[in-house]
Structures are given as structure tokens and as C-alpha cells.
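Asks: In case you want the letters, here they are:
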Amino acid sequence: MSVEILLPAMSPTMTEGTVSKWTVNEGDKLSPGDIIAEIETDKATMELETDEDGVMGKILVSEGAEGIAVGTLIAVILEGGEDASVLEGISAAAPAVVVAAPAIVEVETVSAPIVSAPVEDDLPEGTTYTNMTVREALRDAMAEEMRLDEDVFVMGEEVAEYEGAYKVTQNLLEEFGEERVIDTPITEHGFAGLGVGAAMSGLKPVVEFMTFNFAMQAIDHIINSAAKTNYMSGGQIRCPMVFRGPNGAAARVGAQHSQNYASWYAHVPGLIVIAPYSAADCKGLLKSAIKNPNPVVFLENEITYGQSFDVPDIEDYTVPIGKANIVRSGNDVTLVSYSIGVKFALEAAEKLAVEGIDAEVIDLRTIRPLDIETVINSVKKTNRVVCVEEGWATCSVSSEISAQLMEQAFDYLDAPVLRATNEDVPMPYAANLEKLAVVNDDRIVAAAKSVCYTGGEQ
Amino acid sequence: MAKKPAPRKTTKSGKPAARRKAVKAKSKSPAATNEELIKYYKTMLLMRRFEEKAGQMYGMGLIGGFCHLYIGQEAVVTGIQATLKEGDSILTSYRDHAHMLACEIDPKVILAELTGRIDGISKGKGGSMHMFSVEHGFFGGHGIVGAQVPIGAGLAFAHKYRKNDNVSVSYFGDGAVNQGQVYESFNMARLWNLPVIFVIENNQYAMGTSLARASSEVDLYRRGESFKIDGEMVDGMDVLAVKEAAGRAVATCRAGKGPVLLEMKTYRYRGHSMSDPAKYRSKEEVSKMRAESDPIDQVKSRILNAKIMSEDELKAIDKEIKATVSEAAEFAQNSPEPDPTELYTDVLVAE
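Protein chains in written order, with this note's numbering: chain A, 1 to 458; chain B, 1 to 351.
Just so you know, these hints were derived from the structure itself, not from any lab. Mixed in with the good hints, there may be bad ones.
As the list claims (entries may be wrong) - Stretches of chain B that chain A covers, calculated by requiring three or more beta carbons in the stretch to come under 8 Å of a beta carbon on chain A:
(1) 129 to 136
(2) 151 to 159
(3) 289 to 302
Unchecked claim - One-sided excerpt, in silico: chain A residues whose CB lies under 10 Å from chain B:
(4) ASP53
(5) PRO185
(6) SER201
(7) ARG238
Bear in mind the structure is a predicted one, so any value in this text is a computation, not a measurement. Each residue gets a CB set at the ideal place from its N, CA and C atoms; glycine is no exception.
The shape of chain A in the complex, shown without the other chains (with noise of 0.2 Å):
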């Protein structure tokens, strides 16, 4: 019988990926252990060996086709003295069912959710726009930001030789050696507290944590010696460093590796927290982070690290930090969000606008400082809000706003604020679980239509 080789997923979060080459071709024996294929996923380029004993019978996508779909035929192996007549008819078929699809963002194309009326910075006249990946604008950011000052160093788990586990540290190694790029143990405590050391002394570290899951091990750090010690100090001890890495929920990695933090660091005086959702505010506010004299906890979303934006071409582009961006005008109701939550809400928008609900989505882009301004100034045109968040709700980022419009924006408040975030559990695994988990634009758009008092729920 001939066996067919699908696109396999190489990591939680590969939806489509490129067959960059065939290490073999049509007619070719194989063994167990053979390379067939190098497949670049969104991570790395990974070897594909088959398992098999046989013919290499037909071979269905090229060299270099970009964005296959996880599960896609992409080659039939035929087994010892089977007849090639077999492979008659056989082409590259898209999946039916599409093999372990993130639960998350239910397999789509990686461009972003169309922001239909855009209210952005001022920018120039006549910019232009490079369409480019988060991840992308993220290296780019901390690439400028290592050019223009050389206290700028980066350090953290795999992010020299690998170039990022999640390869955002791309060509950093390359360009600015090991002296600026540092491999570290797997010791998140100590590596942290070394950081923050070197920042004490007036360098310019950023730690990447492989992810913020992590960073339990180095909160103490981070809290009680990078926050506090300017205060602590009468503001004689500076501490000018970045702490950036993924943040919450990925696919499929359970829960103790899909937590939220924000609302946790977002405590803390002396911390300023920012998570951004496009790649332009990547780029912009992970250089205004590098730049700043305080320490930062930076929020990034590995989902979204494949997905592309448009950036601005403009030199040294940099994003105000507290500055939060009204990414969809609308009439109707406020939706606040950051992160990927920014993202559902600009989807749960698209689903309202069809329903007549005129939606504005506001991305907060810095949760501490908090622009809450800007939330107060919709609100006071909407009158409706609901917070979107993923991550848990209790304690959260939307507690804290829906406090402080409570305080200060109450006569202007048409319903209670709700709030659609994550369910109040731990990750599961299961699929379909964690879709049940994790806040959607359906949720989004019930809670919308409760506040306006159109249905949904109550």
C-alpha cells in the first residue's frame, strides 16, 4: 500500500509551512531515517525523515511553494514492488481536516483581521510600509536599538546560536556578535538578577525570556530588585532594561505554558508593561522600551509572531509608551482590549458591524501606565464598554478598567461594564477544551450586545 506524506506540524503554533527542499527524488529507494524534505516552519527549517521502506513514488509540491497548510499531501512513498499505476490521479490536496490546528486562532491565513478605520499616529505625509511579521519588527527593533547605542546587549536562552527559540533573535548573532548576543543557561532566577545587575550599572540589557511562564523563577528580580530600587534609592539607581518574551495562552501547551501576566507586573509601581499587538507598535514601543530609563516588562503573543502588518518605513519609528491606539472607530460600544485580545475584538467588531452595532476597538498597546484617557473619551461617546482579555479575568487588566471608569466615568456609563476574558481555569490540553477556555469573537460579540441591550448574554 502506498503511504502518503502529509505536511506535518513542526510546533504548537505551524499552520502552514514551506517544503524548501527535496533531499530526494521520484524513483529514489528509502529506508527508515531517510531525509525526504527540509520544511521551514515558522520557527526553524526542520529535516523530514520517513519512516518508511520503499520508492519514492510522487512527489506533489515544489520546491520553495510557499504557505502549504499543515496536513496537505505533499508526496506518496510507494512500498516495496508496488505498482506506480497506484499513484494515478494524485495531487496536492489541501487537508480536509486540518491536523493540529492551534485552537486558538482556528487555522487561518496569517495576515491580520483588516482594521477598517484605522486612527494611527500622526505619521508624515507620503510614508510608505514594509508588510512584515511581528516577529520581524521585533528583531528589527532590537537590531536599530544595538546599532545606535552600544550599552544595548541581548541575553537570554537560546538567543545567540538558535536565534530565538521562537526566532526573533534572528541574524542578532550574526551582526553583533557574541559579546552583545549571550546564550545563557536555563536559569531564569539568575540570569535576571545578572541583568539587572548590568542595567544597576548603567548598561542596557534586554532578557528574553523564552517565555513569561518562566519568568516565575525570575519575578523576584524583576519586582523587588528592577522596580523598586530607584525609589528605594532616592533615585540614584537606575535600572534601563527590557524584560520581553511571549506571553500567554500559545496552542496546545497546557497551562503551564499559557498564562497571561500582564495584570500581574502591571501591578507594580516602578514597572512600566507594555503589550502591543501589530507589528508596527511592536517595533515602535520595543524600541521606546529599549530607549527608556526604567525597566519594562515587554508582553509579546507567539501567535501572532507569524502574522504580518504593515510597518512604517520610517527612521528610528518609535511608538509613544502609555499611548493607547483606537485601532476601529465605532458609535455603538467600546471594546478594549491588547495583545491578541485586539485581535478578537477586531473580529467580534466585523461580526457586530454585520448585526448593525457599530463597534470601536481601542488597543491599550501599555497597560501601566494605563491610558485611560482615551478609554474615558470613547466611552464618553459609546457609553457601552466591554474588556477583552486573554487571560483570566479575576484581578485582571479589564478588572482594573472597568474599576476606573466605574470611578471616573460613571454618568457616562449606559450599562456595567462586562468583561469577556478566559475561563477561571488552567489551561487544558484537549482542543476543544481550550477553545472552551480561551475568550473568541463570539464571546465578545454576546457581551457586546448586552451592553447594548440587544440580546446576548446577561
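Chain B: place on chain A using the hints.
Replies: Here is chain B on its own, set in the frame of chain A:
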């Protein structure tokens, strides 16, 4: 004075050969000039009188919160500081008053910090445990046990990054030595050959727990072995022994061959903090240590025996130091409390 570190040896059984051991000062006293001896005497006496005053002021309610005194341990920081130069960085735990005095920080601003006044070195916002002076290379004053160790490695990292020959000295106690982050730091420091001297001030009690009750390996100078960090046990009650060992360690680090680990055998006469009655040890143990090993008495005897100064001249020094401390106490009590507006300053640095 710099000696090359002994090459690492292993015995036939595969066990590491013994590291350099303590030089017992009484049998073989390292040399020091007259000026050095007088300077150490003055420095240590200032620390002693300062801490006694802090203890009194705590008792009077002028100092709040925790207050950890260094009485008995003066030789450690005094001997090490004698080997440092401009640009070197030091940091320690919350038992930090004497380290600041060793850095020649004005006793007035230290004591005013202890009283929580605006003229304190942290404007009254840090307190006894959280004091810093960038100007004097003093990077704290850290209240979390063991946190200063990776930070100290980071300061050393910065020296290496900037390609200068400065060193970082990270002081921590026999309690901190069981913290995981200490070993994370040892690993990185050796991996990257950072110019850091890890100084374990082994005063034999982690708060109320004796070393043997908390540590499976009580020879703390061996704690770096797994990380290929040479360690040395030093008589931390003898300022000259401390200075000699520190001199070697500093030379090793300046030559790019750090890190080095020094275990200073020392003793604190007072409780862990002002609120510790120290019932976990006998009065006899404390008085024996005071009578036989006091770091200040040791230097005093040397000065008198070598007839560098007379008893009267030493008394004059004592009087002078008492006056300095009284003046600092006066200053610390008269300085106003911080203005309420200070509550909101220094949270973030303005861009």
C-alpha cells in the same frame, strides 16, 4: 602581592584536592604598614561606634523597622575594601551600614536614612536595608536574601562588557549560601569568567539557625567546587588575613581569571536584628569570641605591641570617632522627615 591561583588538582580517588586554607593570623601575621594598621583601626572603630549608636537609637524608637548590626564582623569589609580601587563595585545584604562606611560614605547620611529623614542617602525612602551610592560604587543594600549575588555577577558582567579591569565584590551570608540563585550565579560567573569575588560572611548563624543545622556542607569555601571556582577559607576576624586573601582574589579577577570565592569565618556579637534576643547560642560563646578574637582588639594590640601609637593616642582616636558618630546622630535626629510630595517621586525615571 598577586599570586597566581593554585592550579586545580584532583587526587587519585578523583576527589578535589583541598583548596587553599586559612592563614592563621596569630601564628603567621601578614605584614601591614603602620599607616594601614591605624587606618583599619579607625575604620573598624567607626563601624563599631556607629552600630552601637544605631542600636541605641533603635531602642529610643528613632529608627524603625529592621536594623541589622555588623558588630563583630568589621574586619571582613575593612580588609576587602583595602584592596579595591576607584570604579570597583560592591554590594551586600541588608546588614549594610558598615559596608557603606567602608566605602567612605558620610556616616551622617547613613544614620539619617536609618531615622527616615530627607537627608538620608535614599531621602528616607529606603531605610536601613536599602541604601545605595553610585558615586561610591556601593550598589546596595538588598533586602531579599541572596538577591545581591546575581546582581553582583551582573555588575561584574558590566565591567567585563566595558573591558575595564574593575571588579565586583558580592557579600552574602551563610544563610544566603543555600539560595538557588547563588549557584545560578556561580555557574554563569565561571562560564563567562566574570571579575566577581563572592564573599561569604560566615557569621555562623542564619538568623537563629546555626550553620550545621541548615547546611549539608559546612565548609562553605567548597561551595564553588562544582562550578570550578576556587575557594579559600579566611580568618575573618583578622583584618590583615582578610586583606591578604582579598588581594589575591582581586588580582585574579583583574587578570580576567575570576570569579573567586572567599569564605570569611566571622561572628556577629548582636542578634540577627535588633528584635532578636539570640537565645540560640550561649552568652559564653559570644563572650569567648569577643575576648579572644575581636577584630578591633587584634589591631589595637598590634599597634600597641609595635609601639606605633600609645594607649593615649588610641584613646584620642576613640574620642574623635565618638564625636563623629554623635554628630551624625545629631544630624540624623534633626533632619526633617521627607516632604509628603516625596511619596510620588522616584517611582519612575523621567525620560
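Asks: Evaluate each hint against the coordinates.
Replies: Evaluated hints:
no. : hint       : result
1   : 129 to 136 : holds (count 5)
2   : 151 to 159 : holds (count 9)
3   : 289 to 302 : violated (count 0)
4   : ASP53      : 45 Å, violated
5   : PRO185     : 6 Å, holds
6   : SER201     : 4 Å, holds
7   : ARG238     : 6 Å, holds
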